[in-house]
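Chemist: Got chain A; can you put chains B, C and D on it based on the hints?
Residue numbers (our numbering), protein chains in the order written: chain A, 1 to 325; chain B, 1 to 325; chain C, 1 to 325; chain D, 1 to 325.
Calculated directly from the structure, the hints in this document are not laboratory data. Predicted model only: the values in this text are computed from it and were never measured. Careful, some of the hints might be misleading.
[To be verified] Pulled a few chain A residues facing chain B out of the computed Cβ check, cut under 10 angstroms:
hint: 1; residue: V35
hint: 2; residue: Q39
hint: 3; residue: A134
hint: 4; residue: M136
hint: 5; residue: K146
hint: 6; residue: G150
hint: 7; residue: D227
hint: 8; residue: I233
hint: 9; residue: R234
hint: 10; residue: D237
hint: 11; residue: E241
Positions of the beta carbon are idealized from the N, C-alpha and C atoms, including for glycine.
4 protein chains.
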Amino acid sequence: MPAVGTELVQDVAHLAHVEVRTPRMADTLEFLTAVFGLQESHRTGSSVYLRAWGDYYHHTLKVTEAATAGVEHVAWRAVSPPALERRVTALQQWGCGRGWLEGDTGHGPAYQFVDPAGHLMEIFYEVEWHEPRAAMRTRLRNQPHKRPIGGIGTRRIDHVNLLASDVTANRRFLEDCLGFRLREHIVHGEREIGAWLSVTPLVHDIAYMRDTSGADGRFHHLAYWVDDAGDLIRAADMLMEAGIRIEAGPAKHAITNGLFLYLYEPGGNRLELFTGGYLIFPPDWEPVTWTEDDRDVRVWWGGELPDSFFTYGTPAVEPVKAKNR
Amino acid sequence: MPAVGTELVQDVAHLAHVEVRTPRMADTLEFLTAVFGLQESHRTGSSVYLRAWGDYYHHTLKVTEAATAGVEHVAWRAVSPPALERRVTALQQWGCGRGWLEGDTGHGPAYQFVDPAGHLMEIFYEVEWHEPRAAMRTRLRNQPHKRPIGGIGTRRIDHVNLLASDVTANRRFLEDCLGFRLREHIVHGEREIGAWLSVTPLVHDIAYMRDTSGADGRFHHLAYWVDDAGDLIRAADMLMEAGIRIEAGPAKHAITNGLFLYLYEPGGNRLELFTGGYLIFPPDWEPVTWTEDDRDVRVWWGGELPDSFFTYGTPAVEPVKAKNR
Amino acid sequence: MPAVGTELVQDVAHLAHVEVRTPRMADTLEFLTAVFGLQESHRTGSSVYLRAWGDYYHHTLKVTEAATAGVEHVAWRAVSPPALERRVTALQQWGCGRGWLEGDTGHGPAYQFVDPAGHLMEIFYEVEWHEPRAAMRTRLRNQPHKRPIGGIGTRRIDHVNLLASDVTANRRFLEDCLGFRLREHIVHGEREIGAWLSVTPLVHDIAYMRDTSGADGRFHHLAYWVDDAGDLIRAADMLMEAGIRIEAGPAKHAITNGLFLYLYEPGGNRLELFTGGYLIFPPDWEPVTWTEDDRDVRVWWGGELPDSFFTYGTPAVEPVKAKNR
Amino acid sequence: MPAVGTELVQDVAHLAHVEVRTPRMADTLEFLTAVFGLQESHRTGSSVYLRAWGDYYHHTLKVTEAATAGVEHVAWRAVSPPALERRVTALQQWGCGRGWLEGDTGHGPAYQFVDPAGHLMEIFYEVEWHEPRAAMRTRLRNQPHKRPIGGIGTRRIDHVNLLASDVTANRRFLEDCLGFRLREHIVHGEREIGAWLSVTPLVHDIAYMRDTSGADGRFHHLAYWVDDAGDLIRAADMLMEAGIRIEAGPAKHAITNGLFLYLYEPGGNRLELFTGGYLIFPPDWEPVTWTEDDRDVRVWWGGELPDSFFTYGTPAVEPVKAKNR
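So here's chain A without its partners, still in its complex pose (with noise of 0.2 angstroms):
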């Protein structure tokens, strides 16, 4: 956990934006555009930036055209120059640094690093704000953009969900090297086989599952936010209406207390429509841990996970039995 002097602190502020990669760029973008409710901000080379209309930045998702899905890159912001400069100095010292990039469009000088399964992440502090154009502009003086008339009701970013071979080796390096907290976190036996961290009160700004593939570093989901479960319930309407392969849900997670929907977008990267879940403000939570015991709710309601929900993930491998759930 960073400090500084005596104190514990928050260098992390939080989630700023994933980049995924697709097969199939056109068809992506129109589902993103056309009905997941995404909008576009910049464009360039091989790349799309998109954001939903409650985020405040420049972008919260880069799309950009590759032989496989899969993640890119995830990015987190500081929460101030000297913070970022802690957060750099520690990732060095851990020897997962990469070095630092010039910057892209919508942020400033970010620092490239790997986590232990070997996703691509970057931190940096500089970052664009969302100007919108004038028609879009809403006398909401909070919120930075109106509400679209079309698409679902996507509001924000939520989390991403990351795929590991080991699960408790990529957790503690969030939390030791970069500060994050552990919430909640599943484990059989002796082994952990999900883990859920965050470092703002959301109950998870990024978590992982095990992935017993014996692949690494693949991409589990990216989920947005809607405001409530009804937008969910419209949005299943929507997506089938679409052709959009919904895995599971509308339903209730018991781990992170979460209302959600799981689809696949046509490029083939799992995304998720989340809402509920639960804030922790109390400094001294401590990480709840699910066992064996809970396997009969951990769907709370909606019906169970398919098995591709434990096997799938992106780049998609073949796939093996998942012995853990």
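Modeler: Chains B, C and D alone, transformed into the frame defined by chain A:
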């Protein structure tokens, strides 16, 4: 009440469509299709035919360009050809018949008549069912059209509300000549100032409210159904961002038990988004009478109705201070 | 279809109540009143009469102690005394009449009969309307009772679903002898395996589904209406905390377009919380036919229905593997 | 803003509880437990301790019998013992400290102080977490208590709103002495008439609004969170049936983007049911300034706020006509 032998029968099936006039055709249509969620079925001369995604017929709204806003006609479907004949005979005997219309896009021969307040109405049996184009055909075999992505979730026509200087005369006409049943009414002293009637189990297919302006034959509003209160709330956000004036709501009426949102379309006509209410299945329902004593709960919750609700109708006239709300 | 002269008429008004048997009377009642949200109207001998807050009559559910769970009878209200007479004559001619019952708490003389599957039914006209005690009288003059504070928002009886070895025989009986209209059905090859019928604009007042167990006269479920999807979600949370087994849902059927949640009351009978659906106003509605091709969308979203949904009914029998879902 | 070395730190974790006074103890408690949905944790002398089902600590509301309604104290939890020490030192330097309280049921030693308007506050670190009795222990390991079947779905304490003759002095005190961040405020000309501040990502943990009565130290309201807009609507129905006066809502504020319902508990204090809003994650959030120009959209939808909202606080004083809404 219509009778066959000694038995009461239902000859009028339901509200089929309403034709409204607008002095701002382009703006009205833009609003109805881009915000309010209706779809264009057909266009001819100065009229455009529209329907909501859950309406089964060719159209439920006809919009016609005119010098002033208001209602052009209200159309009812008969339950059968003999039922149509019986009603035509009754209307002729009553002396309010205007004769047969050959038909219109979307339906067959219609018999025209006027209510005591002078609103033009028609009744027909033959109707054209909606045929969606291939891309909008849904796998939900019981639904006429795919639910659109986004937009206010306007699902189907619900009811029409007309202004009349003499509420009692008009509701008696509907009861005696067309077999409507009085469901609820407001009586202040000796005077009936509002009446809600239906031929279906809906608490109202039509309502009359007292016009205190001295005018007659004016239009109060046309209501479309949305699926739940969450839709009203989302609609309120979208309407505000679209610059549409919300007159009242989301809130709840005691009368009809309905959740409502009233707005003005750009042509000046009042529209309602409606949900909730209740269904009346008992054949011997006693009309509910509201009196002056109920004034404090007439809006069950959600703020008071503004004066305009009691004085404004289309076409607009110089408002006279309402005395009998 | 009933006729008076040359005209079709509706003689059956609506579903009035259902009597179910329970082998665990105390637990069933505790659940129904403390969790499910019904209120006790009356108690006599081995039976208790219950209603939801929005039911207008004395009761909509009668629970009777018995050795096994199941349905004891299904009661319909006629639209008028002559309508009742006409139906009794038709039932006698059909040969399924059982004779007159003097009445029961809450209603007058009832004519008893059995459907081809052996379910006992009755039809009556005279009924006792609910009279709330003073503290539960609402200022909403159109509502029979105050909405209770909290609880699952169970509002009114909606429909009943019965199992039958021969679906077609039973639905034809309802059509020909009682004037029900077929709204939707599932036909696999030549065999009708489910039929949804109504006398009201509700998409179903009653359904028959094929019993593949070899038994006949069994009960699938009784459904109560809640106002919206949010109620289903709240109910799911409450049922889980009350230790009640949710069989399926909250989710959405393609058939009936209904949002559902199925649960088992402690006596073993399946109950449904239902909302959504759609209303059928056209007098010439063509029954919707679902085939084997629709299997993948039969649950529109929310997970698959478990095997128990297709095999379990009350009284329970040795399940036989379902072949024709 | 608190600093450790060169770095800003968060010393105040969140709003822990509020103590309100009531002149009608029995009625206030009956309402809070039977309708509002709180549970009694403890009772001693003239005080009762309460919490909502989703509150993690022993209590979030203490109700104390007194001659007049109002707020007795507002309690904040520190993030750590050193953070507590740092804030005590700062408060002493500011000259508003009142000294240490040994503790109270549910928490350890607390340092008392007053804001410029004279509201008593306290800050502590040690706290007692809620231990549900066995029957109310939920299998949701991340939740402190089963969701109850009864009552409005009040989930957790959200924020407190205080009246002050000088808004600016009070919000600066919170910023400078306790590290709160100004999120939004209303400025009319030169005068700040309302300020919304937080230490968490909630848009406000506390607000000050201008008291135009000449009094100081008064209470505007305490807000509890419900999960969504549907809960507000259900609550409105339940409150009306319980005879509780709803002052305004369900409706939506532009400020805070919150959905609200204000009511008066029987003792005369205003309570709010709150949901929606938005979360502030950027570390460099610029306070949002609302001016006279925004008056027409200050209630985003749902009717105007009544005069009482701007003049009534507890204890009640002779209302002075509000000039600066």
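Chemist: Next step is simple, just say for each hint if it's right about the structure.
Modeler: So, going through the hints one by one against the coordinates:
Of the supplied interface hints, the one on A:V35 holds, with its beta-carbon coming within about 5 angstroms of a beta-carbon of chain B, less than 10 angstroms. For A:Q39, the interface hint is violated, the least distance from its beta-carbon to any beta-carbon of chain B being 13 angstroms, above 10 angstroms. The restraint placing A:A134 at the interface with chain B is violated, with a minimum CB-CB distance near 13 angstroms, outside the 10 angstroms limit. Annotation: A:M136 was flagged as interfacial toward chain B, and the flag holds, the nearest CB pair being 9 angstroms apart, inside 10 angstroms.
For A:K146, the interface hint holds, since its Cβ comes within 10 angstroms of a Cβ in chain B; the closest pair sits about 4 angstroms apart. With 10 angstroms as the threshold, the beta carbon of A:G150 comes within range of chain B, its nearest partner Cβ sitting at about 4 angstroms, so the hint holds. The interface hint given for A:D227 is met, as the beta carbon of that residue sits about 8 angstroms from the closest beta carbon of chain B, less than 10 angstroms. Restraint check, A:I233 versus chain B: the minimum CB separation of about 8 angstroms is within 10 angstroms; hint holds.
The criterion of a C-beta within 10 angstroms of any C-beta in chain B is met by A:R234, whose closest approach is roughly 7 angstroms, and the hint holds. Among the interface hints, the one on A:D237 holds; its C-beta lies about 5 angstroms from the nearest C-beta in chain B, closer than the 10 angstroms criterion. The interface hint given for A:E241 is met, as the beta carbon of that residue sits about 4 angstroms from the closest beta carbon of chain B, less than 10 angstroms.
Consistency with the previously given hints fails for numbers 2, 3, ordered from lowest to highest.
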